[in-house]
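As given, the protein sequences belong to chains L and Z, one line each in that order.
Each residue of the first sequence is one higher than the one before, counting from 1 in our numbering.
Each residue of the second sequence is one higher than the one before, counting from 1 in our numbering.
Accuracy of the hints is not assured; some may be wrong.
Unchecked claim - Residues from chain L that face chain Z, not an exhaustive set, calculated with beta carbons under 8 angstroms:
id : residue
1  : 12
2  : 117
3  : 121
4  : 344
5  : 348
No wet-lab data here; the hints were simulated from the structure.
Keep in mind that this is a model prediction, so the values were computed, not measured.
Beta carbons are placed, not taken as given, at the ideal position from N, Cα and C, and that holds for glycine.
Listed below are the residues making up each chain.
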Amino acid sequence: MNFKKILPQLLTLAVVILVFGFFSYNAQVNMENRGLEFGFGFLTYEASFDIQFSLIEYDGSHSYFRAYLVGLLNTILVSVIGIIFATILGVTVGIARLSRNYLIERTAAVYVEFFRNIPLLLQIFFWYFAALRALPLPEKAEPMFGVFFLTIKGFFIPAFVWNNLDIFIYSVIAAIISIVFVRLYAKKKQENQGIQTPVLSISIGLLIILPLLSFFLGGVDASVEIPVIEQLSQTSFTYKGGLKLPPELIALALALSLYTATFIAENVRAGVQGVSKGQKEAAASIGLTPNQVLKLVVMPQALRIIIPPTTNQYLNLTKNSSLAAAIAYPDLVLVFAGTALMQTGSAIEIVSITMLTYLTLSITISIFMNWYNKKIAIKEK
Amino acid sequence: MNKLNFLSPDKNNLYAYLYLGISLFSFSILIVFLNSFFNLDLTSFLPGTISYFLPLIVGFIGLHLIRIEYSGIKFLDIINKNINTNKFNALLSLLIIFLIIKSAPPLLSWFIIDANFAGDSKDACSGSGACWAYIKTWFNRFMYGMYPNDEQWRINLSFISLAFLGGIGFFAPEQLKKYLTLYYVVIYPIIAFLFIFFFISGGPIFFDFSYGIIAAVISIVIGFFIPSKFKMYYFLIIPITIYILLKYVFFYEELIELGKIQAFEWVETGAWGGLSLTFIVSFFCLIFCFPVGLFLSLGRRSDLPLIKYISIGFIEFWRGVPLITVLFMSSVMFPMFLPEDMFIDKLVRVIIAISLFEAAYVAEVIRGGLQALPRGQYDAAKSLGMGYWKMHILVILPQALKLVIPGIANTFLALVKDTPLIFVVGLLEIVGMLNLAKTNPEWLGFAMEGYVFASIVFFIICYAMSKYSYNLEQKYKTER
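Okay, chain L solo, but in the shape it has when bound (with noise of 0.2 angstroms):
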């Protein structure tokens, strides 16, 4: 072996530990001082508070890591609502900045450039502090087509009321299971037979008639609740039944969303135009339609350049959503970061515990995106 190879290796091993053993020493020396151990029981103990939002049970008497759960939970909830509208509005305002309408074009570029160029966090501060506070009084809201009450204690909105919710569940999974064996007969058909069945038509179709089934045949049922106005006090009102969306998270999807669009559209844009123009002329040569141009020849390619970035921002959009905890919306780093941190004093263990789950998101996220980019990236022979 070569000398000049091994002796920088071994120097940076040799640092590499030397802060490791500096550090673990002295957080030993210091917990030791201060009274604490290193460990995890904590978790199992009392939470002995309260979250203001959660999705599954929790109260007080939970443990510390149904608190933690509960705010996995709400983290995802806000990531999921944040990359579905983003999605939405990239996609739209990126299509838009390719409009060969000036006006259109330009409106897009303004709404792009205007949103990515200031803050996260003081666009979640603009819409929590100032927009939102500006919504009327429960007691003094107008109701959206009827159902929909925005106040300035959340968005209330009809709920649904199910009854064997499971087996409409079952129904929707199966519609899917269906929906992907007919893909795949047809397009063994194609292969073998050159025969072209209308798989959307088809997708959709089973989509819609086994959930219709469910309620006919599975005793499915559903009716709606809508959120009536109930006075607390003298001055107090609030709305029961129907579903609470708290402020908190609405400012925080809302400015989530409408920041990471702007990069989507980006990269949409970026996409769309990185298909050559001969690609598109070649198609049209050989005799396929418009539709048929965009749908088999520029979005498969486009879409291998879309994809990676996206998902980049979608990872982007998980991390962006820990700012919650500017405006307390009880997500991960404000439930357990927080709160739990306070209460127990176990920094080491549960900043740890917060970054591990972070990064265990997004190392599954870029391993799933690295097998995606390796199935779609070009064959060269």
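With chain L's structure known, arrange chain Z on it following the hints.
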């Protein structure tokens, strides 16, 4: 005269269609304009819904009538090509025009007409518009945080001098150009640090880090005369030796105590804030994250497995966690990792944390540049007998770094936008100061003005930077 067919306008009756279409279009805009600016409703005699949609319908018909291809009238062709290509586009164009006209008066009245500019208390703001007096009163705080008013010239002077020293590269004579990298990577950061330390903070003349700075300067100066064969070993050993010599042999602790003469009043970092803190944090993070990121990117492409995997682990770790948890770590977890008598200032901890975080992103950007270089460059450099460092310093990095300047600028942009997050550890830059001012009992209820003001400030800074980076991108694109 040909027959008029209103469903498909053509060139034969060009002027008939043109006058009719233009007048309908103008009429629809007039309706909306009068409605929004003067609150006049021209069409109030019509039933509610029709009156509501009338401008849209009239304008749509107008645009339909003037949609004549190759009319030969330049103005008309421009309109048709840009806002009126088909029915759908015409509808969208109309909606956007109406939206602009509709939203202009409320915005104008909030921003200017009904706004209050004068006064220095809440009572001055009675109108329905914005209260700019609030911004005026708090302007000093938004810019300088809690920094004492009488001492603010120190911040201004430091920034002006640093900007001047930073811009010196543009005016350097040709024969000194080769030293510019050294200047920007080593000398300028040290000068900047000294400025902040002596001037803005008001520190003592000699301080604990001064050994380090002196050691670095001496070893770099000597380093010029060392044969390049030993340079790596030299830089590994000598700076530490000089540091130890200085600290334990030549100087004594008493001398340090003697040297602690303060020229300026001490202002602790907790009092710094406002926009100037945004600048300080992002400036230092930029300076520190660049070299760290450079070494990480080289490490990630190294042939040595241990270095490669340590770099990959480091980069992926920082890229995988949100900045807010990093700041949490620096504020609650990091002090546990230090000896009890060792205390690092909050601001310094934050700067280190953000620098390491951004360094991972910079490393990936630089790696992109390194990968974009053709293999031939490496082969050519090696065939000339260059070693690893010589090859990188003389051949690879100058080309790769030039490629990634826009990427670095974008990372820096992200860094500037991330600085408000330092409120997590209790440092109040401009957004933090806004939140403080918002809760002041004498100035309740002006959140909107504050956020609008900060948004405009950030927009100007970030937009200028993104335009600059875009220009750089265009410039370097053509050269390759």
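Hints and how they fare:
Checking residue 12 of chain L against chain Z by beta carbon gives a least distance of about 5 angstroms; that is within 8 angstroms, so the hint holds. Annotation: residue 117 of chain L was flagged as interfacial toward chain Z, and the flag holds, the nearest CB pair being 4 angstroms apart, inside 8 angstroms. The beta carbon of residue 121 of chain L comes within 4 angstroms of a beta carbon in chain Z, closer than 8 angstroms, and the hint placing it at the interface holds. Residue-level restraint check for residue 344 of chain L is violated (minimum Cβ-Cβ distance to chain Z is 12 angstroms; threshold 8 angstroms).
Among the interface hints, the one on residue 348 of chain L holds; its C-beta lies about 6 angstroms from the nearest C-beta in chain Z, closer than the 8 angstroms criterion.
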